[in-house]
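Given chain G's structure and the hints, the job is docking chain C onto it.
For reference, the chains in residue letters:
2 protein chains.
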Amino acid sequence: MEEVFQYPHLYQFAQSIFQQIGCPEQEANLATRVLLSADLRGIDSHGVARLSGYVRLYEAGRMNTKPAIRKVHESPSTAVVDGDGGLGLVVAPHAMTIAIEKATTAGTGWVAVRNSNHFGIAGYHAMMALPHDMIGLAMTNASPLVAPTFSIERLLGTNPICVAIPAGNEPPFVADFATTTAANGKLEILQRKNLDAPLGWVQTRDGGPSANANEVKEGGALIPLGSDREHGSHKGFCLGAWVDIFSAVLSGANYGPWVPPFVSFLAPPADPVGEGIGHFFGAMRIDAFRSAAEFKKHMDNWITRFRSARTVTGEDRVIIPGDPERESEQTRLQAGIPLNEKVVEDLEALGKKFAVAFR
Amino acid sequence: MEEVFQYPHLYQFAQSIFQQIGCPEQEANLATRVLLSADLRGIDSHGVARLSGYVRLYEAGRMNTKPAIRKVHESPSTAVVDGDGGLGLVVAPHAMTIAIEKATTAGTGWVAVRNSNHFGIAGYHAMMALPHDMIGLAMTNASPLVAPTFSIERLLGTNPICVAIPAGNEPPFVADFATTTAANGKLEILQRKNLDAPLGWVQTRDGGPSANANEVKEGGALIPLGSDREHGSHKGFCLGAWVDIFSAVLSGANYGPWVPPFVSFLAPPADPVGEGIGHFFGAMRIDAFRSAAEFKKHMDNWITRFRSARTVTGEDRVIIPGDPERESEQTRLQAGIPLNEKVVEDLEALGKKFAVAFR
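Sequence order for the protein chains is G and C. According to the working numbering, the stretch in the first sequence is residues 1 to 359, in order. According to the working numbering, the stretch in the second sequence is residues 1 to 359, in order.
Isolated chain G, as found in the complex:
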C-alpha cells in the first residue's frame, strides 16, 4: 500500500525534524534538499525513508548536527575535508563546493572526505558541477554488506559511483550506480512484497547461491557487479575497492569492514582505522580540455546516436544514464511522491516524537 505526498509537504516535515535534532536552519534546508532529491529521482531507499535512521544515529551520539567542517590538507587541485562527524547530507555538498572552486582555478578539483556519515544519493553531489560547465564525480563507501569474489566475509559497502556530464540541448548524462549487481534498496522492495531475488544478487553465509531476498539479514552478502567470477564479479569487486580506497584510505576515514554501520542498533567496530565514513568528489572544468560549446555539441551527438540505436524486440529505446531519474523527478514534482505504508507509519511516529505534525 502506498500513499502520495507532495514535495513541499515532505520538505517542510523533514526540514523541521532536522532542526529539531539541532541542525542550523540553513543546514536543515540543505540536508532536506539532498535527502528528498532521492525521492524525486525515484531512489526511494535513500530518501525520506531514511530520515528516522539519521535521527537514530544522532540519538546514539554518532552524528554531530553542528559540525565544524574544515579543510585539513590541500594542494592547488586537491583537498581533504574533515566532516567533524556531521550529517553526510551537509558535509558532501560542502566538499563538492570546494572541488568546484579548485576546478575553477586549477582546471580540476578533487576532494577526499573523512569523518562523515551517509550522504544520500551520489547523484545530487556530482550534479552540482553541471551548472558550472564541469563534469562531476561522487563516490562514497558504506556499511560492509558485500563479499568480494571468493570471500564469504562482507568487506565492502554497495559503494556507489556517480559521473555527471553536461550536454547542450540534450539533458545531461548522469550515471549513478551501486557497484553491486543490485542495490540493497532493490532487495528491500522484494522483501516488502515477499518475493524471491534473482540468482546472482546475494549469496548465503557460506558463499552459496541464493534467491532469498532476506539473505543479507541472515548472514549472507550482496555480490559485486558481475554476479560470479565467470561473468566478471572480480571487476565489480575492483570497482567497489576503488571507491573504498579513494573515499577512505586517501582521506583517513574507516575502510572495508571497519566502516561504521548506518543502522544505530549495530555498534561501530571497536578498533577503528580512521574517522567515520569517507567520500570522494571530483569536478573537471570542460574548458580545461576543450571549448564547452564544442564539447556539448558532441555530447548531444553522442546521446542522440545512442538513444536512437536499434533495439531488441520489446524495448523501444536505449536508455541514456540519467533518463529514468530525470523522468521520475518531472513526474513526482507534479504528481507527488508515493510512500510505502511502513515508511508513512515510521514518519508519523517520528513526527509525534518531535511534536512536528506529519499530516
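It is possible that part of the hints are untrue.
For identical chains, the list gives no copy identity; a pair is met inside one copy or between any two copies.
[Stated by the list, open to error] Taking lysine-lysine and the DSBU-like style, the derived pairs with C-alpha atoms no more than 30 Å apart in a straight line are:
| hint | residue 1 | residue 2 |
| --- | --- | --- |
| 1 | LYS71 | LYS296 |
| 2 | LYS352 | LYS193 |
| 3 | LYS353 | LYS217 |
| 4 | LYS71 | LYS297 |
Derived from the structure by calculation, the hints contain no laboratory data. Quick caveat, the model's predicted, so the values are computed rather than measured.
For chain C alone, kept in the frame of chain G given last:
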C-alpha cells in the same frame, strides 16, 4: 600447441620490426616495452600477438611512425594531447608523463588524448604513476564491439579502465579490466579451442542469448559487465560510456560507433566525428591528500585484511587486483612467454617480410 620464447628474444624481434616500419630507436624501445608488458602480465591478446596488426595499420596508411605528439590545450592540472596519428604504445606513455608532471605541481594531472591508436594494456600506463608515489588511472576507447543494454547495434569498445594504487610492503593494487562481462581476448581463447562461451558474454545480431564464441564475428555483440538488465548490464554500459566520453568527447577523438577499427581490413567510418581513437589518463599525488607513508601503511592493512578474508570452499584466498598479473610477470620473466602456434606462424611471416630473423 604452444612454444615458449624468452623475453629478451621477443624484445629484440619486436623492437626491430618497429624500427623497420620507421619508428625512431627510442620510440621502438618504448613501444616494445609497452607491447610486451602485456605478454609478461598474462594478457596475451594485447601483446606480441598484435604486432602484425600494428604493422598492417601502418601499411594501410593509418598510423604515423614519426608522430609530432603535442599538447594542444592545458590548464594547471589538465592537458589535451594530439597524438598525430602515432602508435598508441608511444603516445600513451608520453601523455601519462604529462599527467605525472602536472600532478607534481598541481596535486593531480589529467590528460585527454585524441588522434591516437591502440595503446596496449591500460595497466602499463597507469602503473607509471607508482614510483612517483602517485595513483595512476588510464582508460581508452576502442573499436565498437559492444551493444549497450537493449541495443542490437555495437556502439562501444571493450573500453578498459586501470586504477593503480601504491602500497608499502605489499605490492600495489592494480585493477585493469575491460568494462564488458568478458574481454575479447577470452573469446579468442575459446575460439582457438573450439569451445562454447558461457551465456551472458555475447548476444546474437538480434540481441538473443548465445554461447557461440564466434558470435561477434557473425554480427553479434559483446555484452557490458553485468550480462543482462536484471544483473546490472546497464551499469556496465555506464562504465563503457564513461570511458568513451572521457577518452574521446573531452579530447576531440572519435567516439561510439565512429571509433576506427583496429583491424586494417575494415575501413574507418567515412564520417568521422573526431581524430583517431582517444585515451584518458590521470595521476594523483598521494601527499596532495595525506602523507604517503601513512597512506601506504593503511593500504598494506587494506590489502592484508582483504587477502586473508574467509573464502568459499575450494578457493584458498581472495585475489587482490593485480595479484595474477604480477605473478605471471615473475614467472614469465624467468620461464619465458608461451605463444600459440598461430601467433608463432604469424610472427615468422612478419620476420620474413622485414628480413628480421624470428628464431
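Okay, the hints, checked on the actual structure:
1. In this assembly of identical chains, LYS71 and LYS296 lie within 30 Å of each other by CA distance solely across copies; the values are 22 Å between and 33 Å within a copy.
2. In this assembly of identical chains, LYS352 and LYS193 lie within 30 Å of each other by CA distance solely inside one copy; the values are 28 Å within and 69 Å between copies.
3. For a Cα distance limit of 30 Å, the shortest separation of LYS353 from LYS217 inside one copy, 28 Å, qualifies, whereas the shortest one across copies, 65 Å, does not.
4. With identical chains, the CA atoms of LYS71 and LYS297 are at most 30 Å apart between copies only, with a shortest distance of 22 Å across copies and 37 Å within one.
When each numbered hint is compared with the structure, no violation occurs for any of them.
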